[in-house]
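Chains A and B are the protein sequences, given in the same order. Residue 275, in numbering that gives the first Met the number 0, is where the first sequence stops; the numbers in between run on with no holes. Residue 326, in numbering that gives the first Met the number 0, is where the second sequence stops; the numbers in between run on with no holes.
Some hints could be false.
[Claimed, not checked] Here are the simulated DSSO-like pairs of lysine-lysine, each with C-alpha atoms no more than 30 Å apart in a straight line:
no., chain 1, residue 1, chain 2, residue 2
1, B, Lys225, A, Lys7
2, A, Lys162, B, Lys45
3, A, Lys1, B, Lys134
4, A, Lys274, B, Lys48
5, B, Lys134, A, Lys162
6, B, Lys225, B, Lys214
7, A, Lys47, A, Lys59
None of these hints come from the bench; they were simulated from the model. This one's a predicted model, so the numbers in the text were calculated from it and none came from an experiment.
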Amino acid sequence: MKRNVLIKRIFFWVITIIILVIALGPLLWIYLTAFKSANDIMTGQLIKQIIFTPTLDNFKRIFIDFPFFKDLLNTVIISVSSTVLVMIISLPAAYSFARWNTGGGHLLFTTISTRMFPGVVAALPFFILFRKLGLLDTHIGLILLHMYFNVSFATFLMYGFFKDVPVELEQAALIDGYGRFNIFRRIVLPLVLPGIATTSVFCLIWSWNEFLFSFLFTRNVARPLTVLISSFWGSIEVQYGPMAAGAAIGVLPTLVAAWFMQRYIIRGLTFGAVKG
Amino acid sequence: MKGKTGFNKKENSYNMVNTKNNVVEINVDTYLGRKPSVWEILSSDKYFKWVLLIPLILVLLIFMFYPLIYCIINSFREGGLTGTIFVGLKNYRTMMRDSSFWIPFRRTIEATIICIICELLIGMGIAMLWNRDFKGQNFVRGIVLMPLLVAPLILSLVWNFLLEYNIGFINQVLSAIGIGRIKWWDEKIALFTICGITIWQWFPFSASVLLAGLKSLPRDVFEASKVDGASGWFTFRKLTLPMLSPLIVIIILLRTMWLIRLFDPLYGTTRGAANTELLDWMVYRTSFVYFDVGYGSTLAIMCLYLTIILGAIMFRQLIKALEASSK
Numbered sequence: 000m001k002r003n004v005l006i007k008r009i010f011f012w013v014i015t016i017i018i019l020v021i022a023l024g025p026l027l028w029i030y031l032t033a034f035k036s037a038n039d040i041m042t043g044q045l046i047k048q049i050i051f052t053p054t055l056d057n058f059k060r061i062f063i064d065f066p067f068f069k070d071l072l073n074t075v076i077i078s079v080s081s082t083v084l085v086m087i088i089s090l091p092a093a094y095s096f097a098r099w100n101t102g103g104g105h106l107l108f109t110t111i112s113t114r115m116f117p118g119v120v121a122a123l124p125f126f127i128l129f130r131k132l133g134l135l136d137t138h139i140g141l142i143l144l145h146m147y148f149n150v151s152f153a154t155f156l157m158y159g160f161f162k163d164v165p166v167e168l169e170q171a172a173l174i175d176g177y178g179r180f181n182i183f184r185r186i187v188l189p190l191v192l193p194g195i196a197t198t199s200v201f202c203l204i205w206s207w208n209e210f211l212f213s214f215l216f217t218r219n220v221a222r223p224l225t226v227l228i229s230s231f232w233g234s235i236e237v238q239y240g241p242m243a244a245g246a247a248i249g250v251l252p253t254l255v256a257a258w259f260m261q262r263y264i265i266r267g268l269t270f271g272a273v274k275g
Numbered sequence: 000m001k002g003k004t005g006f007n008k009k010e011n012s013y014n015m016v017n018t019k020n021n022v023v024e025i026n027v028d029t030y031l032g033r034k035p036s037v038w039e040i041l042s043s044d045k046y047f048k049w050v051l052l053i054p055l056i057l058v059l060l061i062f063m064f065y066p067l068i069y070c071i072i073n074s075f076r077e078g079g080l081t082g083t084i085f086v087g088l089k090n091y092r093t094m095m096r097d098s099s100f101w102i103p104f105r106r107t108i109e110a111t112i113i114c115i116i117c118e119l120l121i122g123m124g125i126a127m128l129w130n131r132d133f134k135g136q137n138f139v140r141g142i143v144l145m146p147l148l149v150a151p152l153i154l155s156l157v158w159n160f161l162l163e164y165n166i167g168f169i170n171q172v173l174s175a176i177g178i179g180r181i182k183w184w185d186e187k188i189a190l191f192t193i194c195g196i197t198i199w200q201w202f203p204f205s206a207s208v209l210l211a212g213l214k215s216l217p218r219d220v221f222e223a224s225k226v227d228g229a230s231g232w233f234t235f236r237k238l239t240l241p242m243l244s245p246l247i248v249i250i251i252l253l254r255t256m257w258l259i260r261l262f263d264p265l266y267g268t269t270r271g272a273a274n275t276e277l278l279d280w281m282v283y284r285t286s287f288v289y290f291d292v293g294y295g296s297t298l299a300i301m302c303l304y305l306t307i308i309l310g311a312i313m314f315r316q317l318i319k320a321l322e323a324s325s326k
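With the rest of the complex left out, here is chain B:
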């Protein structure tokens, strides 16, 4: 068994590399003069990595597979909290025809696309603007991050107050400068208002990520293109954008993951009224307002499929980026 490092259970020996890079075999019995204790076996190379994982695996088993299995089983059943009966695929058939599922579904996708595009455009603009040395740059870049960590629920309550029709500050300003008050929670624009709040909270994120990317780009390439007389737009399109594309992909994936689960801003503002009901709100309403366990589980499973597909794509990109950045 020479050549492989680590504990060898069969021969009860420990292989390790010495200073001359040769693998040395140390027999545990002769080295210790006794059999290794349980602790010594567990902390040997072969088992230690699994010992470290035991708590996590237990948590995953309980907290991930239990709800998953529960939802799968109950998606084939019908009834409330007290008891359910088996109905086969009925819930799935209902869902396919149910406009109260497909409308929020489409709305969620629309909101996600609007938010991501706006955040990327605003973020890119700010990153380009701040990609230079100026007085107080660290202060400015730091303080703009503040909204990111504040509870989305509290922010949505504050925005709800700011946008109130009569006493809201923004409407008062709008009426003072002659534009007139806007009904922000009108059925036609309420969804865009919610998108606006989300964009407001998250534009510092894409701005900072893109700024970090811009700062890490090699300067000589840009100087060369300037010497060659390339226009600013051409440099941006042919040099900056392709070099930033891995970061843009990460922003899009991460934001999609957060956005398709938009819930808190809805609670603080319209509570699903005025054509703003999104996917998570609908699942919440089915399960916790109507207590329809079977149908709620079916809808939940659909949301899960969506996120798993997205998640698998995202995971690859994240690992790739991690490997690249730790080199």
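Excised from the complex, chain A in its bound form:
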């Protein structure tokens, strides 16, 4: 009986470790490759793929030979500004939907459907509009586009968080003579602070990772990180070293966020429907 339990336990841990290796292996591979020299990357010997002398050459190269720092800065500027804009727009809207069901559900559906709007459908009209307005390859243009595809997600997620605030609290404040605006600012907003943090981090990550719009709407000036990293692949000689080094730095913030937000990831990805 006791042996049976032991075998079961070993079996359980073997499978769990296999799952973790499969899930995390490729992420680890980014970091392994980033510290390899060009020779070690192209080697045909299996053992050399894992045991090698680490070098910082790839990191030096991306900062010196490529506009890596500028593009990283672009990504930061674009994702932070678009997130701030998104929150300014979606916080009051989500509160209105959650408290009064404004528009009887139709408006909320219209909002959420922008998220389902295929990016390529919106891309062509905006490309032509932005060309006329001179917004192609500018930070403002990309900030606006990132705001557009995040605003519905943020509104819907915040809608769920606002729904959790008991109405009784607000009624009590109304009786105490608070105005509607003050109730929103002084009572409701502090209560949904965790929700605001979660939603903002999600918007930051979506904007950080976004590729389609960034790729179509920027060339040099406002080019974000994802587009630069993808360009290492396109040339005749694939530059795996710089690609891995760029990816290693590029995915770091999202990995850190994933670790600290793990309680909220499932809630965010299911638009608030599943509280993981």
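Using the hints, position chain B against chain A.
Below, chain B alone, put in the same frame as chain A:
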């Protein structure tokens, strides 16, 4: 007008509930001793909810209806970036016969079905495995979520590297253990490779959702069925699966929404070559490589119809789940 709370514009009074649950009417003029300011009117119950919505409505008008109307108008026209002429339904007729639309269309549906089925099966297996107390459970459940938030484009580049024919790590391992190298980007299997990458990134999602569902199930029912001597498979089929079905529906809907718009993994790997062109890639190619504004708009509109039908179904389920979980 007694009985209804909120601001009453006609009588310029404010109805509110007092502590004894009676509606009290307060006349604003007598209460304030003056007419209410614009700000006071805007922040009254009747208008405040709409004031809050103004920015969102403006954004929706500009960013949603503009592209929509643009695409509808241009789907009836022909020509490039510089100018278009009206051609009626010609684009739609072309599309109906165009195999370069229907083949990616079918491929997208195939890829979506393959990915969802695999993700659900793997996810269910892992959820069942981890639905117990073990050492380091929070760590394990947390760390497995890591791939979910990483940019799909970067992950596809990494997988492209791992699966490279000569220097890719996976092919080197396969050749070392005697299976031999596999041409992952061969025309026959490239689509499955892309599905595999997507499944790899998203299996933690369905696993975690199902695990959250399993944990919320009432334990006594399962104990009762165990006492009654029901087999594990019977319990799973008759108890677990029906109770998890709302979550499974949500997973299927959400994943469908993401999957029919698969674009980034294609860019990082085959770029639409080797029989992997999917719907979004095709629209991108028509609009941005050939700059065929009219036909591109027509294809875009078709994609939109698809997502709207799906979206309407999904919206109901999401609202239902939200209502259920906030109770």
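Hints, verified against the model:
Using a Cα cut-off of 30 Å, the hinted pair lysine 225 of chain B and lysine 7 of chain A holds, with the two alpha carbons roughly 20 Å apart. Annotation: proposed proximity of lysine 162 of chain A to lysine 45 of chain B holds, straight-line Cα distance about 20 Å (limit 30 Å). Proximity of lysine 1 of chain A to lysine 134 of chain B is assessed by CA-CA distance (about 19 Å); at most 30 Å being required, the pair is judged to hold. About 27 Å separates the Cα atoms of lysine 274 of chain A and lysine 48 of chain B, which keeps this hinted pair within 30 Å; it holds.
For the proposed pair lysine 134 of chain B and lysine 162 of chain A, the alpha carbon gap of about 35 Å is over 30 Å, so the pair is violated. For the given pair, lysine 225 of chain B sits about 17 Å from lysine 214 of chain B by alpha-carbon distance, which is consistent with the 30 Å threshold. A C-alpha spacing of about 22 Å is found between lysine 47 of chain A and lysine 59 of chain A, which places the hinted pair at or below 30 Å, so the restraint holds.
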